Amino acid sequence: MADLALTLFPANARRTGRKLLRNRAFVAGAFLVTLVFLAIVLAPLIAQYEPNRMQIRMRFRPPSSEFWFGTDNLGRDMFARVLYGGRLSIEIGFWVVMLNAVFGVTLGALAGYFRALDNPLMRLSDALMAFPSVLLAIGIAAILGPSTSTAVIALAVVYIPRTARILRASVLVVRELDYVHASRAAGAGDWHILWRHILPNCMAPLLVQLSFVFAYAVLSEAVLSFLGLGAPPTVPSWGILISEGRSYIREAWWLTVVPGIAIAVTVLGLNLLGDGLRDVLDPRMKIQQE
Amino acid sequence: MLAFAIRRLLHTIPILAIVSLIAFGMIKLVPGDPAVVMGGTNATAAEIDQIRRNLGLDQPFHVQLGAFYWNLLQGDLGNSLLLNVPVTSAIIERLPATLWLSAYAMLLTLIFGLATGIIAALRHNTWVDQAATTLALIGVSLPNFWLGLVMIVVFSVHLGWLPTSGFVDPAENVIGFLRTATMPAAALAMLQIGLLARITRSAMLEVLRQDYVRTARAKGLPEWVVVMKHALANAMIPIVTVVGLIFSVLISGSIVIETIFTIPGMGALLGNAILRRDYPMIQGGLLFVAAALMLLNLLADMLYAYFDPRVQVDRDG
Amino acid sequence: MSDALLSVRNLTTAFAIESGSTIAVDDVGFDVRAGEAVGLIGESGSGKSVAALSILGLLPTPPARVLSGSAMFEGRDLLKMPAKELRRIRGKRIGMIFQEPMTSLNPVFPIGEQIAESLRLHERLGNEAARKRAIAMLDRVGIPSASRRLDDYPHQLSGGMRQRVMIAIALACDPKLLIADEPTTALDVTVQAQLLDLLNDLRRETGMAMLLITHNMGVIAEFADRVVVMYSGQVAEEAPIETLFDAPRHPYTQGLLGATPTLAQTEARLRTIPGSLPDPAAPPPGCRFAPRCDFADAQCAAGRPTEIVLAAGHRAACRRTDATAAWQTA
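As you go down the protein sequences, you meet chains A, B and C in turn.
Convert by adding 243 to the 1-based position in the first sequence; the result is the number in my numbering.
Convert by adding 49 to the 1-based position in the second sequence; the result is the number in my numbering.
Convert by adding 151 to the 1-based position in the third sequence; the result is the number in my numbering.
Extracted from the complex, chain A is given alone in its bound form (with noise of 0.2 Å):
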């Protein structure tokens, strides 16, 4: 009994694992990803130049057979700017995502698990969430000052109240189970049941939440970049790309559009993946709060 949500999972992990094979959204979406996350990390290996190497004779080349993105206002190679961008962009939806793992679980755990916190946790998630989400992020990036820290830190005070909130649903169902009852009854504490037999059981809808909150970070990083509050690095990111090539809009419309493509694509790809997991693993789940 005690370790029935464990002993069940290997055999449903296959059968679940063909269904999402089977959906269409889920690879679609999966290829995606992949594609992206591929030519960020081999990125050395398949851009041709280095992506601050300046090329004054080379400036405003657009797209072709050489420049595949074509070149900026200093001659420097798009696809390699945009390669090695895809890898703060990624790196900050990577660190928010873990950061709404780790305290969207604990605070949705606690809040459902124990009724004394659930209200107080609540009405706080309620006021963080009466702000629009992209703008409570600009709102404490500009006070924290640019840095990538910074980006990271408001990304994850905006969603993780939402992360929290659905773990703490799923957490209020489980917990009403038979063999959680059971459980209990046997006299196993609290700490153990949560840990055990409840947080196995919300995995589903908390990964489903994941991925959407992978593309959201994705997306409003690029409104911090693009707004000045990201950070300043050597290599910019795909926010900072595309507020740099707004610039040169005229003359150069490359520099704008396709780091915006390559958000899009990113996006996109992490979306298909939500969406697909959402059918598969969580078929009752609604469209997603923001």
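Worth flagging that the hints you see were computed from the coordinates, not collected in a lab.
It cannot be assumed that every hint is accurate.
As the list claims (entries may be wrong) - Subject to a maximum C-alpha distance of 25 Å in a straight line, what follows is the list of computed DMTMM-like cross-link-like pairs (lysine to aspartate or glutamate):
id, chain 1, residue 1, chain 2, residue 2
1, C, K283, C, D339
2, B, K278, C, D352
3, C, K243, C, E264
4, B, K278, C, D445
5, B, K278, C, E236
6, C, K327, B, D260
7, B, K278, C, D303
8, C, K243, C, D376
9, C, K231, C, E251
10, B, K278, C, E169
11, C, K327, C, D182
12, B, K77, A, D522
13, C, K243, B, D178
14, C, K235, C, E169
15, B, K278, C, D376
16, C, K235, C, D290
17, B, K278, C, D302
18, C, K235, B, D260
19, A, K262, A, D522
20, C, K327, C, E264
21, C, K327, C, D154
22, C, K283, C, E356
23, A, K262, B, E255
24, C, K327, C, D397
25, C, K231, C, D182
26, B, K278, B, E255
27, C, K243, C, E225
28, C, K243, C, D352
29, B, K77, B, D98
30, C, K243, C, E279
31, C, K243, B, D125
32, A, K262, C, E169
33, C, K327, B, D98
34, A, K262, B, D178
35, C, K327, C, D376
36, C, K235, B, E272
37, C, K243, C, D290
38, C, K231, B, E272
None of these values were measured; they are calculated from a predicted model.
Based on these hints, arrange chains B and C on the given structure of chain A.
Just chains B and C, lined up with the frame of chain A:
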């Protein structure tokens, strides 16, 4: 309905209290001395002292908090450091442009979002559904500021049809408004169109297989009455639950979009304040937006009660 | 049979399923004469509801598809009619009520509007006149203080009341035929009896014909002039009501009658038919009832039995009617 509205209004008061506390606390999060940060690198010690006094930062914490709430209750959100005018009047002055733009974007959202969702549901599992679903998903995946820039490239730079920036009040010149506001409104609306199309499609699919739709058909009603009256009236119930979300996306989007298209609205005001570290403006703007959003959410709840007759009776009865 | 109001012939309806398609209604035919009450009886899954919904074009297509057959109503084929003309018949010449009163009314419109809507559409009544007629209809189906309930929403009514509203909707335009699909199944027993009485009264008043779809022999006994028994998508037997109860000749009908509880019987002594309905995706090749039939021989399992006319209005799809003739009420 009135009792319902009042009850929901009372429910928002504690949340508003926490929201304002967060807004108040934000300025405490400024790394280092906010007065120094705001003064900039060229400020003299006297100037920084002046800023500190203006913001009341020289007072003890509880006095600051008390003053903050006392001013708030009078509608005073402090003074903008940048514009040197009260935050409230700056917001009020910039509000009309934002409201017009938002209304335009909302109209586009309703028309295209609902239409796409309904058509996709009616042509379920056909190429039409596939195309509509894919478009909706692409809609929620595009950065809106990028979309705005792409539209500028296409319609202003290459085709030369529309101006790249500016804003004309529709009360003075409707054509001028449409020429200046169509691109920003479309860029703002794209995300919400995708969002609304997705929820409309799933709500309509759910509703179309209900027994009462069959009853409507058994009455001999024309198909469009069955869909647009009997099905849609029920699908509106889940649809209005995302209205709050749509308003929220709209408000967030207006900061960047107004900045790109240089529209003299609240979004551009806030965007500028953020770039120039005008803390009172940021604080006041966020608080104003949060309060407005809560009011809009209240409106969404009332819409919900309007569309679902079961709600009112369950709660009032 | 030229006096038939509705005449269904060779109706075949299929559903698309994951692995191809399955025939839910297979070559079904029956008549309903003007003013007559015909019972369509069978277990759930026998295709009786699908047959009725096929006639009115109310099945979701896809997955359902009417493959062949005709349904002549007042001289015209409902199955080949353009959708627009069929809509003029639905709700006007043919009314229909469904099994689930809880979900068959639209939750977001007042009941008065749901009745008046038909009247405005088919009778070209104005708002005020339609409202008045709706009140009269509610009154007629036995809803107390009808004028006050007109603006009630479905959730404010009980199941029995909702089914009365459904009847009011179906009868609003004074149809010649009412198709009632398990109209009382979802309701509790006392309410069932009241509703059946109401339907009986209304039928006498209006002279409309009725096609009553049910799995309940007791309801049939109270109601029908003639009965069509369906099994696994096909017609097993058709007979006038007295003949059906006194001298059923299809072994399935005999089994059904044996399985019908009377007041004197208790659950424990109920005779049931051994076995269950065949899988509609892979029905047995011969007589579909053969695997469960006491009389079946090798030939029964080999080919589909032809219908035998036993008397005027009495037919059975069985090869062994000679053997089944010995049946008498247990």
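Check the hint pairing K283 of chain C with E356 of chain C against an upper bound of 25 Å on the C-alpha distance.
Status holds; Cα separation ~20 Å.
Quickly compare the C-alpha distance for K278 of chain B and D302 of chain C to 25 Å and report which way the hint goes.
holds, 18 Å
Next pair to validate is K278 of chain B with E255 of chain B; report whether the Cα-Cα distance is within 25 Å.
holds, 15 Å
Compare the distance between the alpha carbons of K278 of chain B and D352 of chain C with 25 Å, and conclude whether the hinted pair is satisfied.
With Cα atoms ~33 Å apart, K278 of chain B and D352 of chain C exceed 25 Å; violated.
Given the proposed pairing of K327 of chain C with D376 of chain C, does the C-alpha separation stay at or below 25 Å?
Between K327 of chain C and D376 of chain C the Cα gap is close to 16 Å, so the pair holds against 25 Å.
For the pair supplied as a hint, K278 of chain B and D376 of chain C, is the alpha-carbon distance within the 25 Å limit?
With a Cα-Cα distance of about 39 Å, the restraint between K278 of chain B and D376 of chain C is violated, given a limit of 25 Å.
Between the alpha carbons of K243 of chain C and D290 of chain C, is the straight-line distance 25 Å or under?
With Cα atoms ~20 Å apart, K243 of chain C and D290 of chain C stay inside 25 Å; holds.
Given hint D154 of chain C paired with K327 of chain C - CA-CA distance at most 25 Å:
OK: K327 of chain C and D154 of chain C at ~14 Å, within 25 Å.
Taken at face value, is the distance from the CA of D260 of chain B to the CA of K235 of chain C at most 25 Å?
Holds, at roughly 21 Å.
Satisfaction of hint between E169 of chain C and K262 of chain A, Cα-Cα up to 25 Å
Holds: K262 of chain A and E169 of chain C sit about 15 Å apart, inside 25 Å.
Tell me if the straight-line CA distance from K231 of chain C to E272 of chain B falls inside 25 Å.
With Cα atoms ~18 Å apart, K231 of chain C and E272 of chain B stay inside 25 Å; holds.
Tell me if the straight-line CA distance from K278 of chain B to E169 of chain C falls inside 25 Å.
With a Cα-Cα distance of about 32 Å, the restraint between K278 of chain B and E169 of chain C is violated, given a limit of 25 Å.
When held up to the earlier numbered hints, the structure conflicts with 1, 2, 4, 9, 10, 12, 13, 14, 15, 16, 24, 31 and 33 and fits the remainder.
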